[in-house]
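S.K.: As a plain string of letters, each chain reads:
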Amino acid sequence: MGALLVVFRKEFNENLRDRRTLLSALLLGPLLGPLMFGLMVSRMLEQSVASDEPVALTISGSDTARNLTRYLQSQGVHLTMAPMSEDQARAAVMSGRVPVVLVIPDDYAARLRAGTPAPVLLVADSSDSQTRKTADRARQLLAGYSSAIAQSRLQIRGVDPLLAAPVLVVDVDVATPSGRAVVVVGFMTYFVLFAVLMGGLYLAIDSTAGERERGSLEALLSLPVARSSLVGGKILATCVYMCLSLALSLGAFVCVFRFVPLEKLGMSANLGVGTALAFFAICLPFVPLGAALMTFVASFTRSYREAQTYLTLVLLVPTLPIAFASIYSLKTRGSLMFVPSLSQHLLMTSVLREEPVAALDICVSAAASLSAAIVLFVLIARHWRRETMLG
Amino acid sequence: MEASARSKRAQRGIPRMIEAFGLSKRFGDVQAVRDVSFVARDGEITGILGANGAGKSTCLRLLYGVLTPDSGRACIDGIDILGETSKARGHLGVLPHSAGLYGNLTALENIEYFGRLLGLERRRLRSRTAEIARVLGMESFIGRRAKVLSQGQRIKTALARALVHDPGNIVLDEPTNGLDVMAIRSLRELMQSLKAQGRCVLFSSHVMQEVAALCDRVVIIGHGKVLADGTLQSIRDGNAAASLEEAFLQVLESGEGTG
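Sequence order for the protein chains is A and B. Residue numbers are given in our numbering: position 277 of the first sequence equals residue 277, and the series is strictly consecutive. Residue numbers are given in our numbering: position 217 of the second sequence equals residue 217, and the series is strictly consecutive.
Keep in mind that the hints were calculated from the coordinates and are not lab data. We treat Cβ as the ideally placed atom computed from N, Cα and C, and that holds for glycine. Hints are not guaranteed to be accurate.
[Claimed, not checked] Which chain A residues face chain B? A few, computed with CB under 10 angstroms, are given here:
#, residue
1, Lys10
2, Leu16
3, Asp18
4, Arg111
5, Glu213
6, Arg214
7, Glu218
8, Ser222
9, Val225
10, Ala226
11, Ser229
12, Glu387
Chain B with its partners taken away, still in its complex shape (with noise of 0.2 angstroms):
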């Protein structure tokens, strides 16, 4: 439904998906993010692949508005984040790195909140509910307080609650993190569906073989700046190695050079 919707829009050549153009940040002396451009289209999953404290997270965080660039801009489906803000965060839907629930709520009650909040009115959110716990397979404990829930559902939770108003573009920062394996596959197969759905998702990661089994396109990130950009065959064809994992050392070898 949600898929033939937006395959409707995409007909009426109403541009979705995520840009980022020429974005900067620095904080104090870090220049933490600098010049990234890329886009993350609708119907793929893009990973952002860099090692820890590359600027990954600023990246998003840039992205989905909680953080202003210093320059450059970011849109969401066309809307500007900072002149639209509002607009543009109702295209989108947000896992941030620390993704925590409220434990003495359901985990209904957490996914209600947010609704609310987004101004979903009182009847669509109870069939938007129903159906993303249907979808996520929620139904044995949505009912129970987050406390008490397994990480997996806890994760399951916290998806639901980023797509409660049904945003056609998904941001996760490194929403493998600190899961067991469990809760990692149930977690790629929620991404696949998304994906399957028409859905633009983009994740930031720093295992490779997790970029590796799950997206299209791969955006390399090292000290801040996009040093490889593209499918995950051009960049292996692009590095001539064999493997990603190879072809990701070399990308990053060379960042370090210039950088």
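One chain only, chain A, in its complex shape (with noise of 0.2 angstroms):
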């Protein structure tokens, strides 16, 4: 235990002075996460306030379609008159010079006058997202105007234009504030384990690779000490520094949280103090879990390289199981919290959406992971152990 405390304040105190190890355990690791979510949602209310504003417009031939072009302009569209053909169009906006052009060909009015069809061309690129909602809104505009038309036309022939409407569809959301928010801050909980790897990368790599490349391996081995204690202290250094990465990351959250308006769209946040505490407890157990995972993937490699190589992959390895959530959208069961990294991320989403979490999930999550743990920490002690830990 002596030689375990000595290792690890050292590894603690040797890590404190090396700059790559702080930046990406206290800085880039912690705050990626939070930095992204703040410019997501930024991006997000841009986006919704624009759908608000008054759509913008490019029409040719509106002087074949004075009345379409009233009623457009009545609802608030702001028209733009540029008289082009439909290639011209076509060439317009695939250049990106404006976003939508609606073409109203010249035959439109007489086949309006006749009662045929009369087709009017909206041309856009529905791969941009911005003008989708533009062209989005020309077409209901359009659709309204086109059963206006036909109300009209059916109450000229004497029929009741209600024949023409036998369903009505009502869309009700029972959608939530703080569940609708759960799409936003889904991915929030990828983040949060995210600081939680990168808090440790450095000093996974640099106390067992780092400590080969150095050539300072050997005579560690030589002295009289438990390999399980320098395995233990150095693993337990890796701990800490994952823990404080974790903390940094959960306080940046509530910082963002507190100054990104989420109510706006129509989300209430629920991310105050008291729920960064119980993040922090909900991913306590995965930390030494974490710590372990890398030290056991970073021992078996002969460099540095080659440990940032491996280590960077497994820093995606928490992603599989919370994708496989989202592709089948499961939720907080039982069998589900003996998957470390899937448990966390359901019990977090729990707390987040406020539902009830039961203290049995919270104990089996805790046990699983720190389980994993314990078995890896026994193999990286073994695999100290061999004659060919000295490379």
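If you follow the hints, you should be able to join the two separate chains into one complex; please do so.
M.R.: This is how it looks when you write it as structure tokens:
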């Protein structure tokens, strides 16, 4: 136990002096998630505000469709008259000079008068999310105009327009404000786990592959110290850095949530200090597992570079169950609590949704992660006792 | 002080030395070391001489217990390195082939880290580091980060680290490899002073001049076997050669014949 603490103190202090460790553990890892999250939400806010703005439309051939033009203007559409052919309109939209063009063919008025369907062309790029919104609005307005004409045609012929509307669809959205927020916030749980792993990334490398590359490993291994104490001290130091990174990350999330006006999106964020503390408690058992996993992988590598390559992949490991969960939209369930990272993701999501969380689920999640950590620790200690460890 | 303590122990008849008894080690298809026996005594510098790949490092690694022999055993001061690993290693200071330091720690912190791992209590650690720093002439750089030290300063720090628990026996694996002239010179002086303190010094080298300049005894190893073992004079005499170099070549040739 004494040697374990000596190793822990040395690894902790040494890495405190390493700029690379500090950068990844205490800056990049914890702040990347909150930063990206803040950017994403602000962008969504921009877009939602944009939908209330008047739609700007370029129209060609408005002379042949005076009524339609007037109708659009009365609906608050900002029209720009620019006569152009269909091909010209295509080119203009493709080059991005104008977002959406409404082309009214010359025979529009004649067809309308004859009572045959009169095509109008709505030229837009559906791969551009911004103009797609404009095009959708224009399509809605045009459909409204079309049905207004249809109704008056039916009325003129003495038919009740209601007969042409046999089914009426009414949307009822039951998403609660915080439930809707989960859609946005769902990926945040990954960033929390990512911050945990990033916090220990360089320490896990430095204390294993780094030790070998530096040439200090053999001297260390020739000391009369149990290998399990060496490994234990190294993993403990990695854990402490991971906890620091986790705490910083959660703190940053709390700050971001305070400044990002989520209510404007019709969501309530529910990420105050209390939730952050709950997140910390939920993720705490994942910390030794992450530290053991990274130390395990790094112990088998020969050099710093090799360790970096493999550990970058390890950073993605917690995404797999989370991606699986979102594809199959899994909800908190007893059996899923045995899967580390997934269980933490589900528990955090439940807390965020303000759903009740069973104490048993929390215990199972913690026990599963800790047992996996212990198994890995035993494997690492066994590997360190092997002669091949000398390299 | 240390020397007198050791001589007292010597009077009580406690054996102090490094002994190898029939050590053998195989890696896959390669028999790295076969039936190696020798003794390195207190107050002497013993050199293990051999070409690259002759099995010197494997031999030393078996002695300080990071490798387990297939057969045979090694003792430090009469303590079996496998049977009582911790106790035996307490009597042994090791400067491995790659004796890297922790760049972000100071020279002193590097030494203290090993001292703490060896279980030295605080007061003893402080007096030991002060003493080593004085003996090795490290005062001017002991507070500097290891990454900014010169080669000579690094080798001193690594040696100080190996000596922090005041071991009676020192094993150095090709200690002069990659060092510049100044660093080699200070290392030689250090080894001489360790010998003068009555310690048992065992080191490996593939450079004959080095061995000839430093050693009281030489163990020549080729293809993992001991080809010759004795004082410089006895090896020269035994091969009727004028220089150690000639003797070395003769020994190697005869070794090839039987190997």
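S.K.: Using Cβ atoms only, decide whether Asp18(A) comes closer than 10 angstroms to chain B, and label the hint accordingly.
M.R.: Constraint on Asp18(A) satisfied, holds at 6 angstroms.
S.K.: Does Glu387(A) hold up as a contact with chain B if the rule is Cβ-Cβ below 10 angstroms?
M.R.: holds, 5 angstroms
S.K.: Minimum Cβ distance from Lys10(A) to chain B below 10 angstroms?
M.R.: holds, 5 angstroms
S.K.: Holds or violated: is there a CB of chain B closer than 10 angstroms to the CB of Ser229(A)?
M.R.: At about 9 angstroms, which falls below the 10 angstroms cut-off, the nearest Cβ of chain B leaves the hint on Ser229(A) intact, so it holds.
S.K.: With a cut-off of 10 angstroms, does the beta carbon of Arg214(A) approach a beta carbon of chain B closely enough for the hint to hold?
M.R.: Arg214(A) check passes; min Cβ-Cβ to chain B is 4 angstroms, inside 10 angstroms.
S.K.: Quick check on the hint: Ser222(A) CB to chain B CB, less than 10 angstroms?
M.R.: The hint holds - Ser222(A) has a Cβ within 10 angstroms of chain B, the shortest such distance being about 4 angstroms.
S.K.: Restraint: Ala226(A) near chain B, CB-CB cut 10 angstroms. Satisfied or not?
M.R.: holds, 9 angstroms
S.K.: Identify whether the interface hint at Leu16(A) stands, where standing means a beta carbon of chain B within less than 10 angstroms of its own.
M.R.: holds, 9 angstroms
S.K.: Given Glu213(A) as an interface hint, is its Cβ closer than 10 angstroms to any Cβ of chain B?
M.R.: With a minimum Cβ separation of about 8 angstroms from chain B (threshold 10 angstroms), the hint on Glu213(A) holds.
S.K.: Answer holds if the nearest beta-carbon of chain B is closer than 10 angstroms to that of Glu218(A); otherwise answer violated.
M.R.: holds, 4 angstroms
S.K.: Less than 10 angstroms between beta-carbons is the criterion; does Val225(A) satisfy it with respect to chain B?
M.R.: Hint on Val225(A): holds, closest Cβ of chain B at ~5 angstroms, below 10 angstroms.
S.K.: If you take the shortest Cβ to Cβ gap from Arg111(A) to chain B, is it below 10 angstroms?
M.R.: violated, 81 angstroms
Going down the numbered hints, you'll see the structure goes against just number 4.
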